[in-house]
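*Asks:* Spelled out, the chains give:
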Amino acid sequence: MKALDGVSLKIGSAETVAIVGENGAGKTTLVKHVTGLLKPGTGDVTVDGQNTRTTSTAQLSRKVGVAFQNPDHQLFSESVEEEMSFALRNFGFAPELVEQRVRWGLELFGLEEYRKSSPLVLSGGEKKRLTLACILAWDPEVVILDEPTVGQDSIQKEKLAGTIRMLTSSGKTVVVVSHDIEFLWPMQPRVVVMKAGRVVGDGRARELMQDKRLLDSARVAQPQLVEFFQRLGERPEAPFADPLEARRWVEETRR
Amino acid sequence: MMWLSGGFIFRRGTSVYHRLDPRVKLLISVLMFATTLLVRSIYELSGVLAFMIVVAAVAMVLKRVARTMLFTAGFSVFIFVLNFIFTRNLDTSLLYASRFVAIVVSTSLFFITTSPDELEQVMKTFRLPRDVVFAFVTAVRFIPVMFLDTIQIMDAQKSRGLELEKGNVLKRVRNMIPILIPLVVNSVVRSGELAEAMESRAYGAVPKPTSLVEYRARATDKVVALAAAFLFALTAYSFYFVFPARIL
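Residue numbers (numbering that gives the first Met the number 0), protein chains in the order written: chain A, 0 to 254; chain B, 0 to 247.
Among the hints, erroneous ones may be present.
[What the hints assert, rightly or not] Dumping the calculated DSSO-like pairs for lysine-lysine here, alpha-carbon to alpha-carbon at most 30 Å:
#	chain 1	residue 1	chain 2	residue 2
1	B	Lys207	B	Lys221
2	B	Lys62	B	Lys207
3	A	Lys115	A	Lys158
4	A	Lys38	B	Lys62
5	A	Lys171	A	Lys194
6	A	Lys1	A	Lys38
7	A	Lys158	A	Lys9
8	A	Lys38	B	Lys170
9	A	Lys171	A	Lys156
10	A	Lys171	A	Lys158
11	A	Lys38	A	Lys194
12	B	Lys170	A	Lys62
13	A	Lys194	A	Lys211
14	B	Lys165	A	Lys62
15	B	Lys207	B	Lys123
16	A	Lys194	A	Lys156
17	A	Lys1	B	Lys62
18	B	Lys165	A	Lys38
19	A	Lys9	A	Lys171
20	A	Lys115	B	Lys170
21	A	Lys156	A	Lys9
Because the hints were derived from the structure by calculation, they are not lab data.
None of these values were measured; they are calculated from a predicted model.
With the rest of the complex left out, here is chain B:
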């Protein structure tokens, strides 16, 4: 579980992609996401997925993206089976199942290469309310902590004879109660403590606090952003005008 979760959690990196302005990384992910919605066949989607893999290779996060794909594989199979039952169309079912994987990969590429601090700055540039930005970024920042908590709680309960993998589905769900209750209680307690700690450090003292870092796009960022936008426009144009295919 912990190994799979690595496909969604940010870790510092030194690649060219990591060093890009977070707004550019967001743009690339949004464009890749949009492209996955534009594609009309599994062949086109394969091309988009191949492009995502190239981006992952540039960002040196190929292994972690592979984990993301593995993590989503279960849901993807479920989507495929459900679609096949109702549509009896192999192509459509394959497309929808793979589209889900592509959507998750496009968003995961942003989150695993963008630190919570960068994410905060990106959200601030959209002039979102400070409290909303803070709540969202804190939630993202605490994902790895929650994973660690879950592992520790599972260890503690397994040491008291709890067998999580034993019994039928109902029993297994019931077995999760000793895991979920401490996890929720800890999270609530932690959020209360965090709120007190923030207030004691003057959170909200002034309506417009200053920032430690202010992002300014460099020439590289501008070139990459323009290239991404151009590539997206070219792909969209080719899908609908150069290689028109049947719409599923």
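The shape of chain A in the complex, shown without the other chains:
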């Protein structure tokens, strides 16, 4: 069985890409190829001109930061600050810079109060935020987030969406692997739909999320706003012509 089959993708810098698909579709396998954790059986994966076959994961990880799905798979240090400085020390950052980056990361994700606490006693959502902070601390050019919204409440999701926008606007490439369509939709990323190891859809969220047949075949839920828009569109007096206008229309109607 091939975990990935005939996948051909080109992701540009400063692009936000969402990879969606059912469990076992090959999303995590795909991102592991980008970090060099897995090497392709055939074909090549190139990150910023470097072939992942000939570059070590440690070298690639300086450019590509991955926050994996399960935070419990990486937390081991005695304190949150040590956990955050682990990668920075591995990459040889100067002590002052380590301190500066740790403080920045903890503030960004609202974890300052846990600085001296053990990462193992944090809640699920806090652990997840800590792993994101650990990745962003070394300022990689490509940030891959594997199911970043798992265990996060709505406020944290909003903050996370803001962080992703900030990363994109500062020229970072962000790849988000997620089942959380409602989280992805407002960001309007490029969406890559995967099914059984293949890419079955690739396009802007605005167009792709309206293809109900494609989404159903890949077992991906349609955003509620798009579904709402399509249902209203079946009526002759549809009040708007684009799903992106739906939120505005709802707010105006409410007023």
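With chain A's structure known, arrange chain B on it following the hints.
*Replies:* Chain B alone, transformed into the frame defined by chain A:
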């Protein structure tokens, strides 16, 4: 690592051997194990190993048994070197090194063809305490999960710039700390969650719970068990009475 571990982990199969009563498979493995302890020369052991390979071929697990042998090769070389240093006897050193491989293969043949459920039933037939059986079978069942966890933890730490293969032996051992701590913590957390889940599903509610499956030996199982016992007796007899050799 994951590839090698396949030599010890059960996977469902459709071979005649897989379909045997698990108690018969245990008997065959125990007899093969005992035979490896009876042999006195590398030539006899080669015969026993050849028999094990035939059993593996019947069970259609030859490739996986080859992995088991490859996995044990490192330890085997260590045993050989150590014995050769102290005994200066090539035959003895070879015998002890190969005996280790044969012992591991005989046990691995049982574990890779017997599911944890079958293992549980086998242990129950020996009237072992239920809690002991449950703890043992759960440990066996979680071996593949632990392997997967290890791989995922290694991936996560490598993505944070950890180079496991870098540095001297001491540095490499230190590099394992970021792998071992999450692995142990996850295992402890998982065992706690499992205990709660079991209790919430009435584990221990009655002293003698019923079984979904009860094994009854078929004619094939009885014939195979008898044949295995006969072959073992014949081998043991021939070793000591027909072809008596010097005892190392």
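*Asks:* Sort out which numbered hints this structure fails and list those numbers smallest first.
*Replies:* Violated hint (a single one): 2; every other hint is consistent with the structure.
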